[in-house]
Structures are given as structure tokens and as C-alpha cells.
Amino acid sequence: MKKSIEDIWKEGFINNEKLTAPKINDLYNQKSIHLVDKFRRDFKLNLIYIIFLSLFFLGAGIFLNAVYSGIVIFLLLISLLVYGKKRLDIINKLDYNDNSYKYLKSFDDWLQATLKGYTLLYQIFYPVFFLAIAGGVWFSPIGEKVMQKFPDLQTVLGLPLYPTIVVFSIAILLIFLAKRLYELDMNLIYKSQMDKLKDLLADMEELRA
Amino acid sequence: MSSDFYNLFILPHAPIIIKICRAYTNSQEDFEDYYQEVCLQIWHSRERFKEHSEWSTWVYRLSLNVCLTLLKKQKNNPQHFASDSLPPEASEDSKAFSDEDLNQLYIAIRQLKEIDRAVILLYLEERSYQEIAEVIGTNPNNIGVRIQRIKQRLKKLLHEKVY
Numbered sequence: 027m028k029k030s031i032e033d034i035w036k037e038g039f040i041n042n043e044k045l046t047a048p049k050i051n052d053l054y055n056q057k058s059i060h061l062v063d064k065f066r067r068d069f070k071l072n073l074i075y076i077i078f079l080s081l082f083f084l085g086a087g088i089f090l091n092a093v094y095s096g097i098v099i100f101l102l103l104i105s106l107l108v109y110g111k112k113r114l115d116i117i118n119k120l121d122y123n124d125n126s127y128k129y130l131k132s133f134d135d136w137l138q139a140t141l142k143g144y145t146l147l148y149q150i151f152y153p154v155f156f157l158a159i160a161g162g163v164w165f166s167p168i169g170e171k172v173m174q175k176f177p178d179l180q181t182v183l184g185l186p187l188y189p190t191i192v193v194f195s196i197a198i199l200l201i202f203l204a205k206r207l208y209e210l211d212m213n214l215i216y217k218s219q220m221d222k223l224k225d226l227l228a229d230m231e232e233l234r235a
Numbered sequence: 066m067s068s069d070f071y072n073l074f075i076l077p078h079a080p081i082i083i084k085i086c087r088a089y090t091n092s093q094e095d096f097e098d099y100y101q102e103v104c105l106q107i108w109h110s111r112e113r114f115k116e117h118s119e120w121s122t123w124v125y126r127l128s129l130n131v132c133l134t135l136l137k138k139q140k141n142n143p144q145h146f147a148s149d150s151l152p153p154e155a156s157e158d159s160k161a162f163s164d165e166d167l168n169q170l171y172i173a174i175r176q177l178k179e180i181d182r183a184v185i186l187l188y189l190e191e192r193s194y195q196e197i198a199e200v201i202g203t204n205p206n207n208i209g210v211r212i213q214r215i216k217q218r219l220k221k222l223l224h225e226k227v228y
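Line by line, the protein sequences are chains A and B. Take any residue in the first sequence, count from 1 to its spot, add 26: that is its number in the numbering used here. Take any residue in the second sequence, count from 1 to its spot, add 65: that is its number in the numbering used here.
If you are wondering where the hints come from, they were derived from the structure by calculation, not from laboratory data. It is possible that part of the hints are untrue.
What the hints assert, rightly or not - Calculated cross-link-like contacts (lysine-lysine; reagent style DSSO-like; alpha-carbon spacing at most 30 Å):
(1) B:K220 to A:K36
(2) A:K64 to B:K137
(3) A:K29 to B:K216
(4) B:K137 to A:K222
(5) B:K137 to A:K224
(6) B:K115 to A:K222
(7) B:K221 to A:K36
(8) B:K178 to A:K29
(9) B:K220 to A:K29
(10) A:K36 to B:K216
(11) B:K115 to A:K224
(12) A:K217 to B:K137
(13) A:K70 to B:K137
(14) A:K29 to B:K221
Please work from the sequences and hints to get the whole structure.
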């Protein structure tokens, strides 16, 4: 070799000004697009999962001779699916060409509105789901066996009085707990992404200050 | 990031940041991403700078850490070649510099282990063993021996490419 590596280095960088620094302009754009894309993918997967789950409950209801419960749960899940699809259509319209702060801010607004919408839906979903399961159990052969074992059980409209009071009390409680339960559910699936979004927005707001 | 901060505290060190980022990336696109990430991390971490060391030493250390972190995150990016000679297409942007010898040297540097790349870059930038050790987080007594080994490997890689 003719030159030492030190010479190659020195001669190659005799004029450091020739080194042009790239412009700092696109990193946050890339990060925000990546984050939203990932969220969108997971959201879509979750909707597909709901389709399978609704079919499963419908099938299970028919199979276990609790058809009405199966249909109710199926319809509940379909309502989640329809709402989710509507929200997905909105997120798909987010404009990549916005600056990254505006893009992420729009996404965050979408997310907050979606969470609010789902919280309201779940205030109906959880109690009705619970009632459907309880009703399914009662009107299934299990319920019949209970009636045979306790023939003196006090009933109202064919339902055992005290267990029905307990079931309805739990359903009412679920209305109030729906928000908390939904948050737990969301945290399981989206927590890391929501934290990233929060950090990224905080970073960008600091940069804008 | 304010342009004042960039101009005052980062731009004077841009040459070394560029050199470090070049050594850890194989394409112009990656290089630009790495450079931007380094600058942003310097800006974010500026309050953590303690004046135990020079600002420049701190910038080197942070640049290396960011590059090493990004490198780990990158998938499907072959970092090492089994052969001891330079592969013909070792880098997508092997013509990043107009000087052919320098290009070959960069390609060779990219064949080194991640830490060895950092050591040789700092050595070539004429940093003291003490400063190199401080940046890498090792004992300065071992740096000299390490540099000799890295230089031998680089010479071997370059020799096999040239002749």
C-alpha cells in the first residue's frame, strides 16, 4: 500500500468544509408517519379479530342452545366493528402532506375522539354482554337443572328473583366501570404506542416553543 | 431545535459527526437519518451535559452511542463480512467522497466491529488515548494495542482490495 491510513484520512479531509451536513428536516415526519401507520395496522387487525370473535359467539350460542344470547353478543360485537370501521375510514384520510406536528396532532385528536366514542359504546357493551351471558346460562339446560333442584325458587317472569337482582346489580355496576375496563383493555394493546405518541408530541411542542 | 443552538454547538462539530455517521451507515438515506438523529439527541440531551469533559468529547460519545443504538435497531443490514477482503459492493454509497483512497478506507472501516470503528475514527481524528478511552469507556492503557490491531486489519483489507 502506498499511503498510510493516517495519510489517506488527512488528505481525504484536508478541507473539512467540503463535508456537507444534511438538513435536519425530516426525522419527525418519518417518525410520525411510522407511528400512525403502526397504530392503523393494529387497529385494523383488531377489527378483523372482532369479526372472528362475533362469529365465534354466534356459533357458540347456537351450539350451546343459547341462540338469543349468541345473537345479542354477535350484534354487540358488530356494533363495535361498524364504529371501528367508521373511525378507520377517518384515520385513513389523515394527510401525509401535513407537517409532522399537524399530522400527529390530527392523529391525537382522532384518537381522543375514538376513545371517547368507544367508552360510550362500552358503557352499553359490558352490561349487555354480561346480561346476555347470564341469560344464556339461565335459559340453557343448566338453568333447567337449577329449577329442578330448587323447585321452590321464587321467580318473576320466569327468572329467579334473587339471582336476577344480583345479575342486574352487576350490570349496573358495569356501566360505571366501563370506562376503567376499557382503559385497561386499551392499555393492553396500545399502551406503548400511545406513550410514544405522547412523547413525540411533547418533544415537538418543546421544539415549537 | 433552535438554529442558534445548532449553529453554535453542533455545526462546529459537524465534520466529526458526519465522519462517525458515515462509518456506521451504508447508504445516503441511512446516513442522513443517523445524522439527524444524532443532532436531535444532542439537542435533547444538552441539559445532561456535565462539564466534567469537553463539549466535543461529549458530542463524540453521544454521536457514537446514537449510531450504535440505531445500528442495533436496523434489521436485515449486514454489518460484517466473513471474508478478510473488501467485497466489491461493500457499500451502497461507496462513492460518498471524491477521493478514491478515502472511499476505500471508509469501506474498510465499515468492515470492522462497531467499537473498533469508533476507536479508529477517534484515532484518525488525532484524539488522545485518554480522550478515546473516555469516549469509549475503557482503560487508556489498552487503547494503543487496540489501535495497532485495528490498523493491521485495515491495512490487510485495503491491501487485498488494491493489489
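Against the structure, the hints:
In summary, the hint linking K220 (chain B) to K36 (chain A) is supported, as the alpha carbons are separated by about 16 Å, within the 30 Å threshold. Our distance criterion of 30 Å between C-alpha atoms is met by K64 (chain A) and K137 (chain B), whose separation comes to about 20 Å. Restraint check: the Cα-Cα separation between K29 (chain A) and K216 (chain B) comes to about 13 Å, which is no more than 30 Å; the hinted pair holds. The suggested pairing of K137 (chain B) with K222 (chain A) holds, with an alpha-carbon distance near 19 Å, which does not exceed 30 Å.
For the proposed pair K137 (chain B) and K224 (chain A), the alpha carbon gap of about 24 Å is at most 30 Å, so the pair holds. The suggested pairing of K115 (chain B) with K222 (chain A) holds, with an alpha-carbon distance near 28 Å, which does not exceed 30 Å. In summary, the hint linking K221 (chain B) to K36 (chain A) is supported, as the alpha carbons are separated by about 20 Å, within the 30 Å threshold. Pair hint K178 (chain B) plus K29 (chain A) holds up; C-alpha atoms about 23 Å apart against a cutoff of 30 Å.
For a cut-off of 30 Å, the pair hint linking K220 (chain B) to K29 (chain A) stands: about 10 Å separates their Cα positions. A threshold of 30 Å between alpha carbons decides the hint, and for K36 (chain A) with K216 (chain B) the separation of about 15 Å falls inside it, so the pair holds. Taking the CA atoms of K115 (chain B) and K224 (chain A), the gap is about 28 Å. The hint holds against a cut of 30 Å. As the CA atoms of K217 (chain A) and K137 (chain B) are separated by approximately 23 Å, the hinted pair is consistent with the 30 Å bound.
Distance check on the hinted pair: K70 (chain A) and K137 (chain B) sit about 29 Å apart at the alpha-carbon level, within 30 Å; holds. The suggested pairing of K29 (chain A) with K221 (chain B) holds, with an alpha-carbon distance near 13 Å, which does not exceed 30 Å.
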